[in-house]
Amino acid sequence: MTCPVLMLRHTFLSRSFYLCVRRNNTVVRRFSERMERAVVRCVPCESKLTISFTLDGSHKHMLRDQTEELGKVLARISNGIIKARTKRKKSNASKSSEADPDVSDPVVRLYFNGDFVAEDSTNSEAWQDGAVLHVGEAKYHVERNPPTFTTAELPASVLSGFPVCPKLEIEFGDLKDCMFTWYKESPPRESEEVCWVEAGSERVFTPSNLDIGLQLKLKCTPGSEGRYGQAKELVSSGAVEAGPGVCTFDNRHMYTRKVTDASTVRVVSYNILADIYAQTELSKTVLYPYCAPYALGLDYRQSLIKKELSGYNADIVCLQEVDKGVFSDSLSPALDAFDMDGVFRIKEKQHEGLATFYRRSKFRLLGRHDVMLREALITDAAHGALLEKVSTNPTLKEKVVQRSTTLQVTVLQSLSDPPKIVYVGNTHLYWHPKGSNVRLIQMAVALQHLKKVMEKQPGTLIFCGDFNSTPSSGLFQLLSQGSLPENHSDWASNGPEELIQMELLCPFQLSSACGEPAYTNYVGGFHGCLDYIFMEPQALQVEQVIPLPSHQEVTTYQALPSVSHPSDHIALVCDLKWK
Numbered sequence: 137m138t139c140p141v142l143m144l145r146h147t148f149l150s151r152s153f154y155l156c157v158r159r160n161n162t163v164v165r166r167f168s169e170r171m172e173r174a175v176v177r178c179v180p181c182e183s184k185l186t187i188s189f190t191l192d193g194s195h196k197h198m199l200r201d202q203t204e205e206l207g208k209v210l211a212r213i214s215n216g217i218i219k220a221r222t223k224r225k226k227s228n229a230s231k232s233s234e235a236d237p238d239v240s241d242p243v244v245r246l247y248f249n250g251d252f253v254a255e256d257s258t259n260s261e262a263w264q265d266g267a268v269l270h271v272g273e274a275k276y277h278v279e280r281n282p283p284t285f286t287t288a289e290l291p292a293s294v295l296s297g298f299p300v301c302p303k304l305e306i307e308f309g310d311l312k313d314c315m316f317t318w319y320k321e322s323p324p325r326e327s328e329e330v331c332w333v334e335a336g337s338e339r340v341f342t343p344s345n346l347d348i349g350l351q352l353k354l355k356c357t358p359g360s361e362g363r364y365g366q367a368k369e370l371v372s373s374g375a376v377e378a379g380p381g382v383c384t385f386d387n388r389h390m391y392t393r394k395v396t397d398a399s400t401v402r403v404v405s406y407n408i409l410a411d412i413y414a415q416t417e418l419s420k421t422v423l424y425p426y427c428a429p430y431a432l433g434l435d436y437r438q439s440l441i442k443k444e445l446s447g448y449n450a451d452i453v454c455l456q457e458v459d460k461g462v463f464s465d466s467l468s469p470a471l472d473a474f475d476m477d478g479v480f481r482i483k484e485k486q487h488e489g490l491a492t493f494y495r496r497s498k499f500r501l502l503g504r505h506d507v508m509l510r511e512a513l514i515t516d517a518a519h520g521a522l523l524e525k526v527s528t529n530p531t532l533k534e535k536v537v538q539r540s541t542t543l544q545v546t547v548l549q550s551l552s553d554p555p556k557i558v559y560v561g562n563t564h565l566y567w568h569p570k571g572s573n574v575r576l577i578q579m580a581v582a583l584q585h586l587k588k589v590m591e592k593q594p595g596t597l598i599f600c601g602d603f604n605s606t607p608s609s610g611l612f613q614l615l616s617q618g619s620l621p622e623n624h625s626d627w628a629s630n631g632p633e634e635l636i637q638m639e640l641l642c643p644f645q646l647s648s649a650c651g652e653p654a655y656t657n658y659v660g661g662f663h664g665c666l667d668y669i670f671m672e673p674q675a676l677q678v679e680q681v682i683p684l685p686s687h688q689e690v691t692t693y694q695a696l697p698s699v700s701h702p703s704d705h706i707a708l709v710c711d712l713k714w715k
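Letter by letter, the sequence shown follows residues 137 to 715 of the working numbering.
Treat the hints as calculated values from the structure; they're not laboratory data.
Computed from a predicted model, the values in this text were never measured in an experiment.
A hint or two may mislead.
To be verified - With a Cα cut of at most 25 Å, we get these calculated SDA-like pairs of lysine to any residue:
(1) K420 <-> T691
(2) K485 <-> V537
(3) K312 <-> H519
(4) K394 <-> G216
(5) K219 <-> L199
(6) K312 <-> K355
(7) K715 <-> G595
(8) K303 <-> A375
(9) K588 <-> D516
(10) K592 <-> H519
(11) K312 <-> D475
(12) K570 <-> S552
(13) K208 <-> Q264
(14) K275 <-> K368
(15) K223 <-> H270
(16) K368 <-> E307
(17) K196 <-> T258
(18) K570 <-> G631
(19) K570 <-> E652
(20) K184 <-> K312
(21) K483 <-> S497
(22) K184 <-> E307
(23) K312 <-> H270
(24) K485 <-> R500
(25) K275 <-> G216
As the list claims (entries may be wrong) - Label pairs and their in silico Cβ distance ranges:
(26) G661 <-> H197: 50 to 60 Å
(27) G362 <-> W567: 47 to 57 Å
(28) G266 <-> R221: 48 to 58 Å
(29) R393 <-> T287: 23 to 33 Å
(30) D477 <-> K592: 14 to 24 Å
(31) P530 <-> W567: 16 to 26 Å
(32) D477 <-> G362: 22 to 32 Å
(33) G362 <-> E305: 17 to 27 Å
(34) D516 <-> T258: 48 to 58 Å
(35) R245 <-> R363: 36 to 46 Å
(36) R363 <-> Q593: 37 to 47 Å
(37) D313 <-> V243: 29 to 39 Å
Quick reminder that beta carbons are idealized off the backbone N, C-alpha and C, glycines included.
Work out the full structure, taking the sequences as your base and the hints as a guide.
The structure is reproduced here in structure tokens:
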């Protein structure tokens, strides 16, 4: 049985072609070959430029000074051809008694608009877009700084029913101007030959259950306002695997199918469980022994997280416990495909931190005012009174300054209504069950820092995070009621040796947008509400709170995380409407 030929219809400057693939052997047939391309990368701020082209089946990549004369580059190309031909001639002569005919030196010239480019021109001036390089009988169309993918990768894990988001970074182009064509293997037949079948033309592709066992391929062409660069073909490292079926967030997506309008902001706060914690022996054997080992794997959990987050169609997403590599290699590429940009703040001496994403069609980034809370307490005069009080208990002070807890503050401006400025606070407070006193101090520093930042430019505060505090805690009382008395029991949460007593005031009027859920964290030995989205009710009102998964969904596999839920926390999602 012969393989049917599949025609790919992308049109480029240089070629159109047919493609048929055999297992372990790729055969490419080209038609209508008009002119090869020579790609020149020349950036003003750099001293060198690069010239790349293919000659006699060999790829040439030349790094030259921008100020060098063109003639030296052309001479180097000519000399390289002569050396290669001389080497081949000697090799052929040793194998055959017949002498090869003499070959004249190749003529190497550069033309622009039909005119010969002077050889005393500098490289930066000579290699213009649209010039033509003649190398003997061969001709190359010069493309100066064409759109180019500097990074193009497919994720290692591909699950049916879950979006496949390629990691793409582009130079001299824009991802919105790129072209994408997805292919999947045709079902295996008796023959060894396998063809690729076109399956989609969007940046993100979601394989179905029919694709299980088949590999995927993406042909992506970098673009910039109608101009296109060299396409890249990416093939998945493995076949599509079966997904977990119904996940805890699938029903929640029924409420978030559409992006909100300009009058509403959809906010998500989510501790996604850092991989550095999920992969410890403690996590596997003590914290989450009920979770299937493969479901704790990074690739698997990231597939679930990307599907969950993309399905919320949020405008602002605050994440905690974000691994540095996960932010750059997984979340940023995935959410970028869904119109979201993100900023990251790592914790000192750790591999995880905080990430805030925002919908770029609704907001623009005005600034960042991230701070490590212990540094702010010690060095910022705004916290002088608090530091003085904490210093009266050296044991408590030492515990506070040992923490690397960070506050991420991202300032966003509405594109549709520029006077609307949103300050997005995102933090993950000290975790210890007996650390309520430490968390109160951390929150006091965070609130004072937010107040100081917001005094410079008025705006509205949305404060999210994993506060590791239940609704019965003093911290929740401070935020929701505006004050905490000096005799509150939380000051003695770790015994008299760490006790201080002081009144705290919240400089903002805040309310919990999602109320007081029964739990946002559900593990084998504990469940409770630890995560919050606080907002200023004088500027925003709650339009809807996306229902949390049912208790049955959460406990289907005993607790979290599980094969259907990627974290030990549950995302909070709500729509806030401008007043």
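Non-conforming hints, listed in increasing numerical order: 3, 4, 12, 20, 21, 23, 24, 28, 35
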